[in-house]
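Residue numbers (the numbering used here), protein chains in the order written: chain A, 3 to 565; chain B, 154 to 378.
Since the hints were derived computationally from the structure, they do not count as laboratory data.
Accuracy of the hints is not assured; some may be wrong.
[Claimed, not checked] With a cut-off of at most 25 Å between alpha-carbon atoms, the simulated SDA-like pairs for lysine to any residue come out as follows:
id: 1; chain 1: A; residue 1: 32; chain 2: A; residue 2: 403
id: 2; chain 1: A; residue 1: 32; chain 2: B; residue 2: 367
id: 3; chain 1: A; residue 1: 32; chain 2: B; residue 2: 224
id: 4; chain 1: A; residue 1: 32; chain 2: B; residue 2: 260
id: 5; chain 1: B; residue 1: 182; chain 2: A; residue 2: 553
[As the list claims (entries may be wrong)] Facing chain A, a subset of chain B residues (Cβ under 8 Å, in silico):
id: 6; residue: 169
id: 7; residue: 294
id: 8; residue: 358
Just so you know, even glycine gets a beta-carbon here, dropped at the ideal spot from N, CA and C.
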Amino acid sequence: MNQKDLADAQRDIAIHGARKGDFVRLGDTKLVVRVEADDRESGTETQIGFGKNLRDGIGMRSVRSEESCDVVITNVLIIDAIQGIRVSSIGIRAGRIVAIGRAGNPDTMNNIDVVVGSGSVIIPGEGLIATAGGIDTHVHAMSPRVCDAALSSGVTTIIAQEFGSFWGVGVSSKWALEQAHNMFAAWPLNVGVLGRAAGSTTAPMEEALEGGVCGFKIHEDTGAHPRTIDTTLAFADENDVAVALHTDGLNEMLSVDDTIRVIAGRAVHAFHVEGCGGGHSPDVLTMAGRDNILASSTNPTLAYGVNAADEHVAMIISAHGMNPELPSDVQMARNRVRNATIAAENRLHDMGVIPVTSSDALGMGRVDDTWRKTFSMASMFADEAILDGTVHASEVMDSNERVLRHVAKITINPALVHGLSHEVGSIQVGLMADIVLWPYASFATKPNMIIKNGLPAWGVVGDPGATVANAQPLIIGPQFGAYGVTAEDLGVHFTNVKSVTSPARRRSVPVRNTRTIRSSDMIRHGILGEIAVDHTGHVVTFNGQHITSDPQNAATLTRTYLL
Amino acid sequence: MELTPSEQDHLLIFTAAQLAQSRRDRGLKLNLPEATALISHAVVEAARDGKTHSEALAIGKSAVTQSELLSGIGPLLTGIAVEAVFPDGRRLVVVDFESNDLDIPGEVVRLEALPVSNVADVVTLTVKNISNIQISVTTHMHFFEVNPRLNFDREAAYGRRLQIPAGEHVDFPPGETVHINLIPISGDRILIGFAGLVDGPLDAPGMKARAMERAKELGYLDGGK
Numbered sequence: 003m004n005q006k007d008l009a010d011a012q013r014d015i016a017i018h019g020a021r022k023g024d025f026v027r028l029g030d031t032k033l034v035v036r037v038e039a040d041d042r043e044s045g046t047e048t049q050i051g052f053g054k055n056l057r058d059g060i061g062m063r064s065v066r067s068e069e070s071c072d073v074v075i076t077n078v079l080i081i082d083a084i085q086g087i088r089v090s091s092i093g094i095r096a097g098r099i100v101a102i103g104r105a106g107n108p109d110t111m112n113n114i115d116v117v118v119g120s121g122s123v124i125i126p127g128e129g130l131i132a133t134a135g136g137i138d139t140h141v142h143a144m145s146p147r148v149c150d151a152a153l154s155s156g157v158t159t160i161i162a163q164e165f166g167s168f169w170g171v172g173v174s175s176k177w178a179l180e181q182a183h184n185m186f187a188a189w190p191l192n193v194g195v196l197g198r199a200a201g202s203t204t205a206p207m208e209e210a211l212e213g214g215v216c217g218f219k220i221h222e223d224t225g226a227h228p229r230t231i232d233t234t235l236a237f238a239d240e241n242d243v244a245v246a247l248h249t250d251g252l253n254e255m256l257s258v259d260d261t262i263r264v265i266a267g268r269a270v271h272a273f274h275v276e277g278c279g280g281g282h283s284p285d286v287l288t289m290a291g292r293d294n295i296l297a298s299s300t301n302p303t304l305a306y307g308v309n310a311a312d313e314h315v316a317m318i319i320s321a322h323g324m325n326p327e328l329p330s331d332v333q334m335a336r337n338r339v340r341n342a343t344i345a346a347e348n349r350l351h352d353m354g355v356i357p358v359t360s361s362d363a364l365g366m367g368r369v370d371d372t373w374r375k376t377f378s379m380a381s382m383f384a385d386e387a388i389l390d391g392t393v394h395a396s397e398v399m400d401s402n403e404r405v406l407r408h409v410a411k412i413t414i415n416p417a418l419v420h421g422l423s424h425e426v427g428s429i430q431v432g433l434m435a436d437i438v439l440w441p442y443a444s445f446a447t448k449p450n451m452i453i454k455n456g457l458p459a460w461g462v463v464g465d466p467g468a469t470v471a472n473a474q475p476l477i478i479g480p481q482f483g484a485y486g487v488t489a490e491d492l493g494v495h496f497t498n499v500k501s502v503t504s505p506a507r508r509r510s511v512p513v514r515n516t517r518t519i520r521s522s523d524m525i526r527h528g529i530l531g532e533i534a535v536d537h538t539g540h541v542v543t544f545n546g547q548h549i550t551s552d553p554q555n556a557a558t559l560t561r562t563y564l565l
Numbered sequence: 154m155e156l157t158p159s160e161q162d163h164l165l166i167f168t169a170a171q172l173a174q175s176r177r178d179r180g181l182k183l184n185l186p187e188a189t190a191l192i193s194h195a196v197v198e199a200a201r202d203g204k205t206h207s208e209a210l211a212i213g214k215s216a217v218t219q220s221e222l223l224s225g226i227g228p229l230l231t232g233i234a235v236e237a238v239f240p241d242g243r244r245l246v247v248v249d250f251e252s253n254d255l256d257i258p259g260e261v262v263r264l265e266a267l268p269v270s271n272v273a274d275v276v277t278l279t280v281k282n283i284s285n286i287q288i289s290v291t292t293h294m295h296f297f298e299v300n301p302r303l304n305f306d307r308e309a310a311y312g313r314r315l316q317i318p319a320g321e322h323v324d325f326p327p328g329e330t331v332h333i334n335l336i337p338i339s340g341d342r343i344l345i346g347f348a349g350l351v352d353g354p355l356d357a358p359g360m361k362a363r364a365m366e367r368a369k370e371l372g373y374l375d376g377g378k
């Protein structure tokens, strides 16, 4: 391009954001996406404001919202595991996505998909990326502030295991669960609670179902014995709820092969499948790559870093009530930390074998780090591809497939694993409008706005007494959607069909299809294969091939942005 | 102290700026929140020192230097809005740090210029503003129904809009004559509202004649007289 074309392009990008064919670098990562499509008509891009075309009779149609939209997010770069990477507009009515495509007034504009009403609320999306709200399936809600931190990081759905500073790893008391549902209703956040699968009999689980859990957690700290695993899975099969599994890290009653045998082909969500977070040592990672075992990672091992192992020993002792003065406790902690399995776990993510990332918040992970760590990891592999010269520069320019694979890990795939995908997990017509808006420059690290059920519920707010909304200091905190009874209305309570409790206003939604979901159903993943970990824990293979990755000295999305 | 929410928030600027300063003193390169805090703090304190708005802006712009920043972030330090207490009251200052740094987070790269759209059906008109104030018309306005103080061939403008990029406008200075290009309004070509000259489908039988009639009645054809 000549100098004038270049100047024109820069101005056009500043006004309209990226267009089809443009390359957008995500934050400070090595990930560059190519915009695959643009639903706008060149020359008739809808714009808000003084002298712009979103005015009555021009870009806005003078009709009620039933015939248009309550809220329209205009001209935003959607990065969605199912939609792909496209500039479009999102029409929302009564909290649900009703249309995606070109926005405006069909009376004066061609091929309008999203009718903007003269009374519609507009959220201009130029220069922003829209993703589905993050779904964190592994949250120890030991503190209510975890909900604030989750929302501030772009997470709009959590699957929790506690609701207070008590020991729980799942709760089955119906009375306690009833309190939980009311307490969680204070945040504009979808919440499901896991019941404790500690019973040798189904009686505690029956109670938990009545109390409205959306699934069960088997944890070695409450017993991950053969009987518990079998009883829980059989009970889950009868009731269509998900089962999350933290296996027997001590190999006290069974080794990993035994656990796999007891699972017997039934669907189970294998938490922190690498093993630092717990589970059969040293070889729990061999559970990944199987069709019925839906594997996930917790975020401290992601974007494998040089300090990962040292941090984990301290974390394990602290999180699991161990004593650093007791040599046997320290030894147990050290046994759980292996660089080789961390290195392999990262590689398995890039290969599309492990389909889900999560936090393990306040129980060995950071609730507000899952977007950041997931994309820091994606960047690490994009960088590796550049450095080792295995791809040409032109291919490096476009990380679309890698980016969409990593978006899937924190949106649609956790939704599928826990039976939430009829409500959340993607930017699709019919789903709840749980959408996160990110500036291109801070994608996956600092969101601009968290839209819950169609309303700004959390996001960047400034000096409250200022003349403008964006005066320093800018903080990420509650928006109007977090106040009053609205917070309760904007979130849903994920539950099961046998629940007899429900919060006063919040909608209860039973989870679905949790028992038939398989790894091969995972979006932009589904690679199956045999993972082997040798008895020392130092060599990992996938279908016989050695797999590893290099520890990073510096992670992206971190130093540039965090105070 | 009886601090308001706004004053309490300003303490965050101070705290962050002190932290950033201590890091700068250790020779560390500044990141986005650190640089933003230092710039904001400099503006607030300049106002407190009794400087003028433009002096405070200049102090804010030079609160950090390119060499003190982490690579690539300079161009992101734009639109930093901060309110400060000047001698004549609280005032908003918006600082754009000037930087030509490369390797910018979130950068958009376009390899080819946008194609120029070719519309075959273009009408060129001469428009004279007969009033004594400037009149501006935006892209998608029905040009047939613009301010009657613009004199031009209204009939030729029926169902048309300006051929300029979305969001832009054409200025018609008082007493002057301007040449414009008009293209057909698209979509279903139904115009509701505006000056009420059409208020329906543009291409329905008799609609144009009726619109001309209304335009004449309301003085649109004779300069609003």
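Hints and how they fare:
{"no.": "1", "hint": "A:32 x A:403", "verdict": "14 Å, holds"}
{"no.": "2", "hint": "A:32 x B:367", "verdict": "61 Å, violated"}
{"no.": "3", "hint": "A:32 x B:224", "verdict": "14 Å, holds"}
{"no.": "4", "hint": "A:32 x B:260", "verdict": "11 Å, holds"}
{"no.": "5", "hint": "B:182 x A:553", "verdict": "24 Å, holds"}
{"no.": "6", "hint": "169", "verdict": "6 Å, holds"}
{"no.": "7", "hint": "294", "verdict": "7 Å, holds"}
{"no.": "8", "hint": "358", "verdict": "18 Å, violated"}
Taken one by one, the earlier hints fail for this structure at numbers 2, 8, listed in ascending order.
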